[in-house]
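J.: Chain by chain, the residues run as shown.
Number of protein chains: 2
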Amino acid sequence: MVVKSQLKFIKSLYQKKYRIQNGLFVAEGRKVVSELMNSKITAHSIYSTDPLFKAKSKVKVHYISEKDLSRLSFQKSPNKVLGIFEIPEAEDIDFSDWVVVLDAIQDPGNLGTIIRLCDWFGITHLICSPDTVDCYNPKVLQSTMGSIARVNIVYKDIVDLLEENKNVAFGTYMQGNSVYSANLPEKGLLILGNEGKGISEEVGLKLNAKNRLSIPQYGKKTTESLNVATATAIFLSEIRRGTRVTN
Amino acid sequence: MVVKSQLKFIKSLYQKKYRIQNGLFVAEGRKVVSELMNSKITAHSIYSTDPLFKAKSKVKVHYISEKDLSRLSFQKSPNKVLGIFEIPEAEDIDFSDWVVVLDAIQDPGNLGTIIRLCDWFGITHLICSPDTVDCYNPKVLQSTMGSIARVNIVYKDIVDLLEENKNVAFGTYMQGNSVYSANLPEKGLLILGNEGKGISEEVGLKLNAKNRLSIPQYGKKTTESLNVATATAIFLSEIRRGTRVTN
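Protein sequences appear in the order of chains A and B. Plus 527 on top of the position in the first sequence (first one is 1) and you've got the numbering used here. Plus 527 on top of the position in the second sequence (first one is 1) and you've got the numbering used here.
Same shape as in the complex, but just chain A:
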């Protein structure tokens, strides 16, 4: 059974303010919860409608009814398990490989997809501008499919970052040099901008004009843009493909 105080507490964690205040976030679904439990992230408590669901560590599992789960869940069709986890402390960023940098990404699904792409392509550090959507937002967590446990995410001012860090920074633009003919170094910063506005002016001013990259359009000149998550897929593929092409 879920008592009223638990319900109120868990529901509060759907708001960023209370996540920060408590240092906790909620993740839903058997797969995501399992992946998080198998990671270095610390579980706080688990709620499950499946009496056979076992937690790996000593964390308490509350076995609850479907009805109770749907009261706790933010999803329309909750998937058996809900977990509360401690927000991990951000690690120091390792600039010896490529680092992805997001400038004001707003859509939770886009951020989740980008985290999943970073995981796929072995990008272990992701920097988000403070006005990027919170990575512990339940919709972000859902679309990461658990890969958030394997990517170190740091919220940080991008202008400060570019002033401090000497790695070459590449910005992604609608108009720029083709990524297909760019000479991409072994390490660098890949900056992706807001869904509507792109990279902000103050960040753009810090970039060398030749490091403005774009994905050439092949179709008729009518489609206005690629979605930022699909663009990220192509840029990361270009960064990594060089180390994989064998012929």
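For the record, the hints were derived by calculation from the structure and aren't laboratory data. Keep in mind that a hint or two might mislead.
As the list claims (entries may be wrong) - Taking lysine-lysine pairs in the DSSO-like style, the calculated list, with each CA pair at most 27 Å apart, reads:
hint: 1; chain 1: B; residue 1: K724; chain 2: A; residue 2: K607
hint: 2; chain 1: B; residue 1: K737; chain 2: B; residue 2: K724
hint: 3; chain 1: B; residue 1: K538; chain 2: B; residue 2: K587
hint: 4; chain 1: A; residue 1: K747; chain 2: B; residue 2: K567
hint: 5; chain 1: A; residue 1: K567; chain 2: A; residue 2: K693
hint: 6; chain 1: B; residue 1: K587; chain 2: A; residue 2: K666
hint: 7; chain 1: B; residue 1: K543; chain 2: B; residue 2: K603
hint: 8; chain 1: B; residue 1: K724; chain 2: A; residue 2: K666
hint: 9; chain 1: B; residue 1: K714; chain 2: B; residue 2: K733
hint: 10; chain 1: B; residue 1: K666; chain 2: A; residue 2: K603
hint: 11; chain 1: B; residue 1: K603; chain 2: A; residue 2: K747
hint: 12; chain 1: A; residue 1: K535; chain 2: B; residue 2: K558
hint: 13; chain 1: A; residue 1: K747; chain 2: B; residue 2: K737
hint: 14; chain 1: A; residue 1: K543; chain 2: B; residue 2: K587
hint: 15; chain 1: A; residue 1: K558; chain 2: B; residue 2: K666
hint: 16; chain 1: B; residue 1: K747; chain 2: A; residue 2: K666
hint: 17; chain 1: B; residue 1: K683; chain 2: B; residue 2: K607
hint: 18; chain 1: B; residue 1: K733; chain 2: A; residue 2: K748
Claimed, not checked - Computed, partial: chain B to chain A, Cβ under 7 Å:
hint: 19; residue: V529
hint: 20; residue: D646
hint: 21; residue: Y745
As the list claims (entries may be wrong) - Every beta carbon over 12 Å from chain A, so not counted as near; a handful from chain B, in silico:
hint: 22; residue: K535
hint: 23; residue: Y545
hint: 24; residue: F580
hint: 25; residue: F601
hint: 26; residue: E613
hint: 27; residue: S623
hint: 28; residue: R643
hint: 29; residue: V660
hint: 30; residue: N664
hint: 31; residue: S670
hint: 32; residue: Y700
hint: 33; residue: N754
hint: 34; residue: T757
hint: 35; residue: F762
Virtual Cβ for every residue (Gly too), placed ideally from N, Cα, C.
Since chain A is already given, all that's left is putting chain B on it; use the hints.
T.: Then chain B, alone, in the frame of chain A:
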């Protein structure tokens, strides 16, 4: 004003059965409706809350209240304009370029994103298996951002297609030859499979083993897969990049 019979009729078009019966579909939002009106697709009628919204052709525009629009719309926050259009007749497929083939894609957002990617990369013909989600589903239309007007979509059995057509067919798999070192021809079929099950067995049996392609994973071996829409982005980029690389 929207009368009850209009409301009932428009609402019915959110179901595939009635779309087929009437040969009509609904599109929402100023941008999508405008793109469709500027295409070869024929408009049937337009509903707008903006008294300044003009239809290009002779099609009738019904100026309605916000309240009426929200009764017609399937969206939580409808965006000013809703249009009813005639489902275009599928054109003959032109196999002189690459054609994308979808085997049982279920998620409307994925289909919409793939249509948008086809448009970006100049893929003008898209074949969907009969069990792929309907491309005139309102959620698909919303995520195409209007690019559906520029891609010819044909629903067709894929095994039949592979028996009839002599272009080389490439299947995308979790385990396969790296797309980065594949010799991709100037034309071919690129097959993408269902979100959970991948390419169906009967389609797989028709493919030459060396034409099973995959995107190499670079990270730790923990992420189970890329989303099919982001995978499509990378495959299409690989198909087109060869014609663009200048160095």
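J.: Does each hint hold? Answer for all of them.
T.: Results of checking the hints against the structure:
no.	hint	result
1	K724(B) with K607(A)	holds, 22 Å
2	K737(B) with K724(B)	holds, 20 Å
3	K538(B) with K587(B)	holds, 19 Å
4	K747(A) with K567(B)	holds, 15 Å
5	K567(A) with K693(A)	violated, 30 Å
6	K587(B) with K666(A)	violated, 40 Å
7	K543(B) with K603(B)	holds, 21 Å
8	K724(B) with K666(A)	holds, 24 Å
9	K714(B) with K733(B)	holds, 18 Å
10	K666(B) with K603(A)	holds, 17 Å
11	K603(B) with K747(A)	violated, 32 Å
12	K535(A) with K558(B)	violated, 41 Å
13	K747(A) with K737(B)	violated, 33 Å
14	K543(A) with K587(B)	violated, 46 Å
15	K558(A) with K666(B)	holds, 26 Å
16	K747(B) with K666(A)	holds, 24 Å
17	K683(B) with K607(B)	violated, 35 Å
18	K733(B) with K748(A)	violated, 36 Å
19	V529	violated, 28 Å
20	D646	holds, 5 Å
21	Y745	holds, 4 Å
22	K535	holds, 26 Å
23	Y545	holds, 24 Å
24	F580	holds, 20 Å
25	F601	holds, 15 Å
26	E613	holds, 20 Å
27	S623	holds, 15 Å
28	R643	violated, 7 Å
29	V660	holds, 18 Å
30	N664	holds, 18 Å
31	S670	violated, 8 Å
32	Y700	holds, 15 Å
33	N754	violated, 6 Å
34	T757	violated, 4 Å
35	F762	violated, 9 Å
Violated hints, listed in ascending order, are 5, 6, 11, 12, 13, 14, 17, 18, 19, 28, 31, 33, 34, 35; each of the other numbered hints is respected by the structure.
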